[in-house]
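Just so you know, the protein sequences line up as chains L and Y, in that order. All residue numbers for the first sequence refer to my numbering, where the first residue is 1 and numbers rise by one. All residue numbers for the second sequence refer to my numbering, where the first residue is 1 and numbers rise by one.
These are computed hints drawn from the structure, not numbers from a lab. It cannot be assumed that every hint is accurate.
Said to hold, decoys possible - DSBU-like mimics (lysine-lysine), calculated; alpha carbons at most 35 Å apart, straight line:
#: 1; chain 1: L; residue 1: 68; chain 2: L; residue 2: 54
#: 2; chain 1: L; residue 1: 100; chain 2: Y; residue 2: 11
#: 3; chain 1: Y; residue 1: 57; chain 2: L; residue 2: 100
#: 4; chain 1: L; residue 1: 37; chain 2: Y; residue 2: 14
#: 5; chain 1: L; residue 1: 5; chain 2: Y; residue 2: 14
#: 6; chain 1: L; residue 1: 68; chain 2: Y; residue 2: 57
#: 7; chain 1: Y; residue 1: 57; chain 2: L; residue 2: 71
#: 8; chain 1: L; residue 1: 37; chain 2: L; residue 2: 56
#: 9; chain 1: L; residue 1: 71; chain 2: L; residue 2: 56
#: 10; chain 1: Y; residue 1: 57; chain 2: L; residue 2: 37
#: 11; chain 1: Y; residue 1: 71; chain 2: Y; residue 2: 11
#: 12; chain 1: L; residue 1: 100; chain 2: L; residue 2: 54
#: 13; chain 1: L; residue 1: 5; chain 2: Y; residue 2: 11
#: 14; chain 1: L; residue 1: 71; chain 2: L; residue 2: 5
#: 15; chain 1: Y; residue 1: 57; chain 2: L; residue 2: 56
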Amino acid sequence: DQQVKQNSPSLSVQEGRISILNCDYTNSMFDYFLWYKKYPAEGPTFLISISSIKDKNEDGRFTVFLNKSAKHLSLHIVPSQPGDSAVYFCAASAWVGNEKLTFGTGTRLTIIP
Amino acid sequence: DTGVSQDPRHKITKRGQNVTFRCDPISEHNRLYWYRQTLGQGPEFLTYFQNEAQLEKSRLLSDRFSAERPKGSFSTLEIQRTEQGDSAMYLCASSPTGTGTFGYTFGSGTRLTVV
Numbered sequence: 001d002q003q004v005k006q007n008s009p010s011l012s013v014q015e016g017r018i019s020i021l022n023c024d025y026t027n028s029m030f031d032y033f034l035w036y037k038k039y040p041a042e043g044p045t046f047l048i049s050i051s052s053i054k055d056k057n058e059d060g061r062f063t064v065f066l067n068k069s070a071k072h073l074s075l076h077i078v079p080s081q082p083g084d085s086a087v088y089f090c091a092a093s094a095w096v097g098n099e100k101l102t103f104g105t106g107t108r109l110t111i112i113p
Numbered sequence: 001d002t003g004v005s006q007d008p009r010h011k012i013t014k015r016g017q018n019v020t021f022r023c024d025p026i027s028e029h030n031r032l033y034w035y036r037q038t039l040g041q042g043p044e045f046l047t048y049f050q051n052e053a054q055l056e057k058s059r060l061l062s063d064r065f066s067a068e069r070p071k072g073s074f075s076t077l078e079i080q081r082t083e084q085g086d087s088a089m090y091l092c093a094s095s096p097t098g099t100g101t102f103g104y105t106f107g108s109g110t111r112l113t114v115v
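Construct the entire structure; sequences and hints are all you get.
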């Protein structure tokens, strides 16, 4: 039972353009959502998060949008840079202070110079 | 930099053997977590500690798995009688109290191959 889904295993984007990574979830108890970035041979690195009381959170080139009614979130990267090439994981937890994260299967983003 | 350290980075073992992995968290972090990542999947929660107390265990943590954090500092994850299905990346993470999931710092993982 995949509670957090990333339906695009891979995505290629031209450098300078916008990258949009999508994530869907099924568990209505999830209240906090996070994006992690992972390079080969390294552990995941926290990128940005959003709580269910917001519909948007921005940090530099990264913006996360949450549509709670659709149980959908997306990560926008603008402008995309070659260093953004990595695997991106969407993750969710039921409430802050709940220590367990449920991850999606990841999307491999490739930025084409 | 005193990030989360995991040892070994790679381990190849024969089916049926026991293996033990070590995780050294960031020194001021009192929460420590273990996750497992198999090929093509995201990390899956295994267990977590608050200091030396193991507070939650996943159903994924079968009887062959045991985790300890004896003095509230480093942690070990042992797998007994390894099976080929145990082949995965085992990730450790730590966080300070009060930050919950937002304060996670992951280590680089231990890749286990069972042959």
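Status of each hint after checking the structure:
Distance hint between residue 68 (chain L) and residue 54 (chain L) is fulfilled; the C-alpha atoms sit about 9 Å from each other, no more than 35 Å. The straight-line distance between the Cα atoms of residue 100 (chain L) and residue 11 (chain Y) is roughly 26 Å, inside the 35 Å bound, and the hint therefore holds. Restraint check for residue 57 (chain Y) and residue 100 (chain L): the C-alpha separation of about 10 Å stays at or below 35 Å, so the hint holds. Simply put, residue 37 (chain L) and residue 14 (chain Y) have alpha-carbon atoms about 32 Å apart, close enough for the 35 Å limit, and the pair holds.
Pair hint residue 5 (chain L) plus residue 14 (chain Y) holds up; C-alpha atoms about 34 Å apart against a cutoff of 35 Å. At roughly 29 Å between alpha-carbon atoms, residue 68 (chain L) and residue 57 (chain Y) fall within 35 Å of each other, so this suggested pair holds. At most 35 Å may separate the alpha-carbon atoms for a hinted pair to count; residue 57 (chain Y) and residue 71 (chain L) meet this at roughly 27 Å. As the CA atoms of residue 37 (chain L) and residue 56 (chain L) are separated by approximately 19 Å, the hinted pair is consistent with the 35 Å bound.
In summary, the hint linking residue 71 (chain L) to residue 56 (chain L) is supported, as the alpha carbons are separated by about 14 Å, within the 35 Å threshold. About 25 Å separates the Cα atoms of residue 57 (chain Y) and residue 37 (chain L), which keeps this hinted pair within 35 Å; it holds. A distance of roughly 25 Å separates the Cα atoms of residue 71 (chain Y) and residue 11 (chain Y); the hinted pair therefore holds under the 35 Å criterion. Taken as a hint, the residue 100 (chain L) and residue 54 (chain L) pair is honoured in the structure, with Cα atoms around 21 Å apart against an allowance of 35 Å.
Distance check on the hinted pair: residue 5 (chain L) and residue 11 (chain Y) sit about 30 Å apart at the alpha-carbon level, within 35 Å; holds. A hinted pair counts as satisfied when its Cα atoms are at most 35 Å apart, and residue 71 (chain L) with residue 5 (chain L) qualifies at roughly 11 Å. Distance hint between residue 57 (chain Y) and residue 56 (chain L) is fulfilled; the C-alpha atoms sit about 33 Å from each other, no more than 35 Å.
Going down the numbered hints, you'll see the structure goes against none, and every one checks out.
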